[in-house]
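Just need the whole structure built from these sequences, with the hints factored in.
Chains as they are written, first to last, in our numbering: chain A, 1 to 298; chain B, 1 to 267.
Hints listed in this document are in silico derivations from the structure and should not be mistaken for laboratory results. Yeah, the Cβ is synthetic: ideal placement off N, Cα and C, and Gly gets one too. Among the hints, erroneous ones may be present.
List of simulated lysine-lysine pairs, DSS-like, C-alpha gap at most 25 Å [claimed, not checked]:
no., chain 1, residue 1, chain 2, residue 2
1, A, Lys177, A, Lys96
2, A, Lys193, A, Lys30
3, B, Lys228, B, Lys210
4, B, Lys263, A, Lys96
5, A, Lys70, B, Lys6
6, B, Lys216, B, Lys228
7, A, Lys203, A, Lys177
8, B, Lys180, A, Lys134
9, B, Lys263, A, Lys70
10, B, Lys180, B, Lys262
11, A, Lys193, A, Lys134
12, A, Lys203, A, Lys242
13, A, Lys70, B, Lys262
14, B, Lys228, B, Lys153
15, A, Lys242, A, Lys193
Residues on chain B that point at chain A, a partial pick, calculated with CB under 10 Å [what the hints assert, rightly or not]:
no., residue
16, Gln101
17, Leu107
18, Asn142
19, Gly227
20, Lys263
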Amino acid sequence: MNNVVTIQNLSKHYGHIRAVDNLSLEIPEKSVFGILGPNGSGKTTTLGMLLDVIIPTSGSYSWFGNQSNKENRQQIGSILETPAFYPYLSGVDNLKIIAEIKSTGYAAIDDVLRLVGLFERRHSSYRTFSLGMKQRLALASALLGDPRVMILDEPTNGLDPRGIAEMRDLIRTIASKGKTIILASHLLDEVQKVCSHFAVLNKGMLLYSGLVNDVSGDEQRIELAAGDVNQLYAMLENYPGKRKLELLENRIIITLPAETPVAHLSGYIYQHGVVPTHLVSLHRSLEKQFLDILNESK
Amino acid sequence: MSRLIKLEWLKIRLNATFWVLVGLHIGIVLLIVLSGKIFLGSLSFNGDSLKDLAGVNNIPIYQFPDIWHNITYVAGFLKFILAIYMIISITNEISYDTLRQNIMNGLSRVDFIISKLFLVFLLSLGSALFVFITGFSLGVTNTPDMVLHDVIKYSGFIPAYFLQLSAYLIFALFIGLLIKRTGLAFGLFFLYSLIIEPVVGLRIQDEVVKGFLPMKSIGNLIHMPFGKYLLREIQDYVTFREIIIVTGYLALFIWLIYLLLKKRDLR
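Pasting the structure below:
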């Protein structure tokens, strides 16, 4: 698979502060690539350099295999931090400006406004928009001109739960159309839910880069409950192959080797005359993996 | 190229500030020009009032060829209204983060500068055209015996006005880009052009050297015309050297704008 962007030894220093430090990274085409890191870890600075708004101290990057130029950026839809539009213009008129910059026609404007649910308000001036509407207009602008790559920096910042769910659905829909999405976030859950690949940055350095599915490791965790939790707990203490057993109020979490079938566990419980009221296989969370990566780096 | 003009047009088309300031510029120029006789009557030179000496009604301020020199001189006083818009235009692009977003969307930094320079030249051209039409109309209605030679004579002040306005607006653009904040940029722009440079000018005795100061040289393209109605010696032409100096500053400001934007982190 080709890479949409290759980053080589990219650095940005502000005096003593190394906002991005010798970063090398490849982002494969058609991936949903999450860039994770705590606030101030260099995510936005990195994306800013890739979009030519921040001048690198050293290092280089190459989009679509042909360096950095404005024609490349015309094929990238991007949102960096907060939405940026002309407040005195309507949604439609703001998108016309972007269509002009991207050298695409106005025909797609209505479509992208419908896709983000702003079509009804398209003639209202931007300054009357709520934060959620501003974010959605930013997403519409990033979709304009059918870009090959979308760069979304904290796309769910400031959205209410319903807005967050809608944004995730939109990202999945867009990804399913074969676009590459680069998503920077400090929300691990967000990355786990939508991304195929991820990288972890801390203090401007790359700590890890790989597939999201890889992080599940060699263990699985199963959450259980029953009418009598203590009875269940006592019984599971004797379950062969268990690695760890935790009792949390009225729930039990058992950690097993990845290869143990869940059916084996449930069969074992039934054999001992207990009917579980709750049995859920927990994905090993990216959060745990993320914290491990951060700890290892110290 | 036409894409960059269109881009700037989309930005100003529905911008109330732009239309208000352009309207003010046109309105105030018209107001002063049309009340010219009252204005002239209030002028005095070394204690000699024009009103007492010449009989204001007999002064041919609206006649060809004098009208060209007079109207461009008066309009030149009101170029600051358009400079206010240039400062607002560039500092807003910075405070709205739209400059950064324009670059992210696929404009190069040079494209952005060119689109703003188009705005400068189109504003200057528009204002020069307005001054030309007003001057021509006044000349036609007020000149008793029109001769082609008189109509053309002094009309070179129209292109001089265009150059004057362009250089001045590019200076405003440079200050706006340098200072980034609207209010502070206004402050520095007027502090420099109204106080700092005139004070520096007072210390320079040599008129030739003084003519190299940026604001002074821009102003010098069109010298004060009204003294001639008191039979005083005035400069009623534009010298080649004056044009070269202003063109030099114009190029210098564009170069400084380029340097400022080329290496700036847009955050």
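Going through the hints against the structure:
1. A:Lys177 x A:Lys96: 24 Å, holds
2. A:Lys193 x A:Lys30: Between lysine 193 (chain A) and lysine 30 (chain A) the Cα gap is close to 16 Å, so the pair holds against 25 Å.
3. B:Lys228 x B:Lys210: Since the Cα atoms of lysine 228 (chain B) and lysine 210 (chain B) sit roughly 23 Å apart, the hinted pair holds (cutoff 25 Å).
4. B:Lys263 x A:Lys96: Measuring from Cα to Cα gives roughly 28 Å; hence the hint is violated.
5. A:Lys70 x B:Lys6: Cα-Cα ~18 Å, so holds.
6. B:Lys216 x B:Lys228: Within the cut-off at roughly 21 Å; holds.
7. A:Lys203 x A:Lys177: 34 Å, violated
8. B:Lys180 x A:Lys134: Judged against 25 Å, a Cα distance of about 24 Å means the pair holds.
9. B:Lys263 x A:Lys70: 16 Å, holds
10. B:Lys180 x B:Lys262: 15 Å, holds
11. A:Lys193 x A:Lys134: 23 Å, holds
12. A:Lys203 x A:Lys242: 38 Å, violated
13. A:Lys70 x B:Lys262: 14 Å, holds
14. B:Lys228 x B:Lys153: 16 Å, holds
15. A:Lys242 x A:Lys193: Measuring from Cα to Cα gives roughly 28 Å; hence the hint is violated.
16. Gln101: Holds: closest Cβ of chain A sits about 4 Å from glutamine 101 (chain B), inside 10 Å.
17. Leu107: Hint on leucine 107 (chain B): holds, closest Cβ of chain A at ~5 Å, below 10 Å.
18. Asn142: The hint is violated - asparagine 142 (chain B) has no Cβ within 10 Å of chain A, the shortest such distance being about 42 Å.
19. Gly227: Violated. Min distance 45 Å.
20. Lys263: Holds. Min distance 6 Å.
Checked against the numbered hints listed earlier, the structure breaks hints 4, 7, 12, 15, 18 and 19; every other hint is satisfied.
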